[in-house]
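Chemist: Residue numbers (numbering that gives the first Met the number 0), protein chains in the order written: chain A, 0 to 338; chain B, 0 to 338; chain C, 0 to 338; chain D, 0 to 338.
It should be emphasised that the hints constitute simulated quantities derived from the structure, not laboratory data.
Note that this is a predicted model, so its numbers are computed, not measured.
Fair warning: there could be bad hints in the mix.
[Unchecked claim] The list that follows gives simulated cross-link-like pairs (lysine to aspartate or glutamate, DMTMM-like), each with its CA atoms no further than 25 angstroms apart:
#, chain 1, residue 1, chain 2, residue 2
1, A, K334, D, D267
2, D, K334, A, D31
3, B, K109, A, E231
4, A, K109, B, D267
5, B, K334, C, E217
6, A, K334, D, E136
7, D, K334, A, E217
8, D, K104, C, D31
9, B, K334, C, D315
10, B, K334, C, D267
11, D, K334, A, D267
12, D, K334, A, E231
13, C, K334, B, E231
14, C, K334, B, E271
15, B, K104, A, E217
16, B, K104, A, E231
17, C, K104, D, E126
18, D, K104, C, D315
19, C, K104, D, D267
20, A, K104, B, D267
21, B, K334, C, E271
22, A, K334, D, E231
23, C, K109, D, E158
Number of protein chains: 4
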Amino acid sequence: MQLAMIGLGRMGANMVLRLMRAGHRCVVYDRDPAAVAALVAEGAVGARDMADLCAKLEAPRNVWIMVPAAVVDRVIDDLSPHLAAGDTIIDGGNSNYRDDIAHAKRLAPKGIHFVDCGTSGGVWGLERGYCLMIGGEDEAVERLDPVFAALSPGPGEIERTAGRNGDFSRSEQGYLHCGPNGAGHFVKMVHNGIEYALMAAYAEGFNILKHAGVGLNEHAVDAETAPLANPEHYQYRIDVGEVAEVWRRGSVVASWLLDLTATALRADPQLEGFGGRVSDSGEGRWTCLAAIETGTPAPLLTTALFERFSSRGEADFANQILSAMRYQFGGHHEKPEKS
Amino acid sequence: MQLAMIGLGRMGANMVLRLMRAGHRCVVYDRDPAAVAALVAEGAVGARDMADLCAKLEAPRNVWIMVPAAVVDRVIDDLSPHLAAGDTIIDGGNSNYRDDIAHAKRLAPKGIHFVDCGTSGGVWGLERGYCLMIGGEDEAVERLDPVFAALSPGPGEIERTAGRNGDFSRSEQGYLHCGPNGAGHFVKMVHNGIEYALMAAYAEGFNILKHAGVGLNEHAVDAETAPLANPEHYQYRIDVGEVAEVWRRGSVVASWLLDLTATALRADPQLEGFGGRVSDSGEGRWTCLAAIETGTPAPLLTTALFERFSSRGEADFANQILSAMRYQFGGHHEKPEKS
Amino acid sequence: MQLAMIGLGRMGANMVLRLMRAGHRCVVYDRDPAAVAALVAEGAVGARDMADLCAKLEAPRNVWIMVPAAVVDRVIDDLSPHLAAGDTIIDGGNSNYRDDIAHAKRLAPKGIHFVDCGTSGGVWGLERGYCLMIGGEDEAVERLDPVFAALSPGPGEIERTAGRNGDFSRSEQGYLHCGPNGAGHFVKMVHNGIEYALMAAYAEGFNILKHAGVGLNEHAVDAETAPLANPEHYQYRIDVGEVAEVWRRGSVVASWLLDLTATALRADPQLEGFGGRVSDSGEGRWTCLAAIETGTPAPLLTTALFERFSSRGEADFANQILSAMRYQFGGHHEKPEKS
Amino acid sequence: MQLAMIGLGRMGANMVLRLMRAGHRCVVYDRDPAAVAALVAEGAVGARDMADLCAKLEAPRNVWIMVPAAVVDRVIDDLSPHLAAGDTIIDGGNSNYRDDIAHAKRLAPKGIHFVDCGTSGGVWGLERGYCLMIGGEDEAVERLDPVFAALSPGPGEIERTAGRNGDFSRSEQGYLHCGPNGAGHFVKMVHNGIEYALMAAYAEGFNILKHAGVGLNEHAVDAETAPLANPEHYQYRIDVGEVAEVWRRGSVVASWLLDLTATALRADPQLEGFGGRVSDSGEGRWTCLAAIETGTPAPLLTTALFERFSSRGEADFANQILSAMRYQFGGHHEKPEKS
């Protein structure tokens, strides 16, 4: 079928390519004319602006938006005057699901459908396909089924879940209609919240392996330093890259994130290219907010998020408070950094 | 080559089968004669006791122990009088790596080698192979290479890590000599510590999805109850089993543990067969102890362990203290359980 | 000076009494006429409704609202038509500071001032005084100084902070103008967030003391149960009530919350009167939301909140997921509850 | 009564002074003759060595050891040859309670009693008295009662716990016989574990107050940065020192640790004298180990300990892993530090 794509960054452009490979026709627009030209060279129809884009689409129109969350509002404002009842806007970016509810409400009086689609797959999606988590009214989602099917990975070689048989469900093909407006981004949000904690679990574990040789070092003996309880038990120099590799096969902790860790450690065994200031984008935060608002315990998800904040120095004042308290009650001076 | 196996439970018996399929010869012993007989029927040589087992092995002997951690000490005591210098004992169970160090020290004067081998793979290992994490002296570990190669999964269909080429390393075949005595079980211990946190990350996330519809319920309005901030944002009835299924394809959180979760939710969508009292065996605890002793921050790993303790009621007194404090300073009475 | 109080619950009524003891004149209103009558008997002027209340006040009027957060909006709507430019509304309840910002904005066009006042002290405030955290414009806050001074504890017997001398600052008297609208409730919110974690810290510690005798019990020996590592180290029967008492004197952990814990344990040493379902009101949640939105690591504050959620059964589904996963990969069945 | 003190550091010397003020006679020893001389000038009897010290004591002898935990073993070895059946050694330092059990066992055949005494009070103990947590046999502890009574703060001005009346219990005087050998240090260990979490709770809370103005700053708008959700809600410049001061009066979070925080913030409002590398001595770690071994959930206590590790850079490798993973799956580059 025919689909317009607005926003031709790494994600949007790759999705257009994957759609065209599956036989769909794409009209494309980006603020950057070079991004448009590159896809026109691959067979897409280029658009000069929103009006042009909408004019080039047959009704009912399907317009997929793939832009930063902060810009979605403005794009919808620019786009909607050129759309008509029965058309559909799909937000495939990392928007807050609450904004989806607002967008759908705003577009409803004009008869324009709104579909939110959480998209996982990163830079690998062109080849592997994208895992799609979709929210919106049944009618609109149904009509777009061929698009979702083309973008998603399909059942692939993955072993089928016991108890499933017959035709592959959509979930088995890698896309799922999760519920009404916002449900897609809600599920994607939780997905990313889990992702943060999975990443932190591996990171903490590999860090313990990295510390497995602390008994080989000399240790200060004073009242300010907790003694290393059993130095004879921490005499190992573990090759963490090799450990990441071996866990990829047959182990309970095998995962795609572990595969990536193995790749990273192979390329740079000491990870010297990384300072350890870990960014976070919105979904991890929103997941924790949802946990708190719904009264759901999620200490790992939240602590994983906070570890990222701390990695960027945001715990500094708290730590200064602790040192100041210790100085007050015990006369403890800070120990200088190891040199 | 020839190997003896002591302990023919689910793990030990399957490992014997996998070894024999690869052409190795196995002498087997278990307290339960039926377990011995079952493997004799498959081509193993049965032994009546430790003496008989050792007599049936050519020197240098290789004896693999696959018994509960609490019993390893006793088995080594019973076994070692029948062994000679140059023989090797392999502990493939879930022992504490500190015990390995002690065992190796105890056997060294007799010239008996000790090898520790952390083994991951669970009930799936017979077909998939076992991920092996090995500790011990080079000589002993080298000599057993054919055994490890047979037990491990091999490179399989898994995509090769970028930057690796030429012959497959042992880690790529699914086994790794991690370091001297205890290093194997140390790495396995951390593996399980990570496993607990990975599991908890998924569990917390799915629990948030389960709570996504709390805005549909009525809520008490009183000073004892935090108001649900935005009920209109929590109106979703998410099918968590379908979400587990869709995340298996193309998503960043894909993993073997997620595959298993999808299976579980397919078989019992409300998980009514599970009360939620979550056991823990030793490795998760030992990982956290190692984190503390080595001064390595591991809040997710530790919190995941504590969530299991809480699931078994071990936080009850702490919670009673909290309610008692609230009563003291604010006259707050506990709210009765929802009925 | 003259002040009206709306809402004569435990907090509001006690505050009126404390104000009148200090010589202030109070006009009082509550939906419950008995609550009004009780204070009229103590010397307050009763009001029949909002109009009557405002008519009985000299301009500029001061109206203090002490009602549940959920009702503040409606009270302001009912009240403000009877107020004039130059009058002031004080919200002394547990409102979200964001609502203060909205209320101030809504009242500004009419020239009505809005002051938010976080109030700590609970049922003890009448005698001990209330710790007041105040937000609002300088002018309005300044004018109310005599009221704040009367409600707060004053400097009392508490040892003066080193470096402070001369006249007592307002903070040393127990009240503080924290900043513009919302600043008072913001500081009170964080106060309560800290309170949750302080409480949980004691509760976790006392729970460890309660578990100090686990080595005296018999323990299951099976693969499902982590062995108690060193039973000989856990042979203590600690009297936790006596420990709470001794820590009140000379120890670093002495605090008012500990005093209350000692009282609770004295009255009911096993805390059998408490089931351990711990409520949370809004401020703890809002503190954690603020931590997340501002990028401030606060894992203890958040985990303390989540422990309360878990105490009310909100982790159950997560725990079922964990048991289900364990069953899938290892064939582990749940162990029944200890009987 | 008569008591010897070995170890005349800040704690030991002050305790001797407090004992002599109460009329007890002290024989003192330290490796540093100047420390001995200083107390001799105050009325103590100096000793040249262990033999001399024991010779100067009447039987049954009482010898209090106040030295770093790492040295206790050696001191007991040097001391015990000069002691006789019926004498008592008291370890008043920060020893691991497990060592107490070993020490008592070692001394029992000679008829020498061993008493462990956890001592809280820091540099303030000389004037305020010390909170004492005592372990050992009844007989030995009873005989030392006058010493414990003199060191402890006594009932003081502190309000009596409801339900307590008649003579003051020992706990109300600030000392407690907690149980057999090790029980004193066990209770002191948990005390310090709680202390860490109390400190962290305040530190996290004050850090949120410090971040209350982030909405006043400009913010990057890119896909790497979680947007500040509601900048209009974070416009406060809170004076955290004044907040610490006001909370000291009438508030639920009042405590001695808060008093110290107020002092610290008064002396150095930005805490520029502290880098925020927070040390930990043994007890915090041992508390968490005990929580894990006994199966007691203690996520706050453990996370507080881990925050200290992180403050010293021990999370760096974990954070590098996270950045490396993000680069692998999303091509995310680290954002440079704010300058």
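Chemist: Output the numbers, in ascending order, of every earlier hint that fails for this structure.
Modeler: 4, 5, 6, 7, 8, 12, 13, 17, 18, 19, 20, 22 and 23
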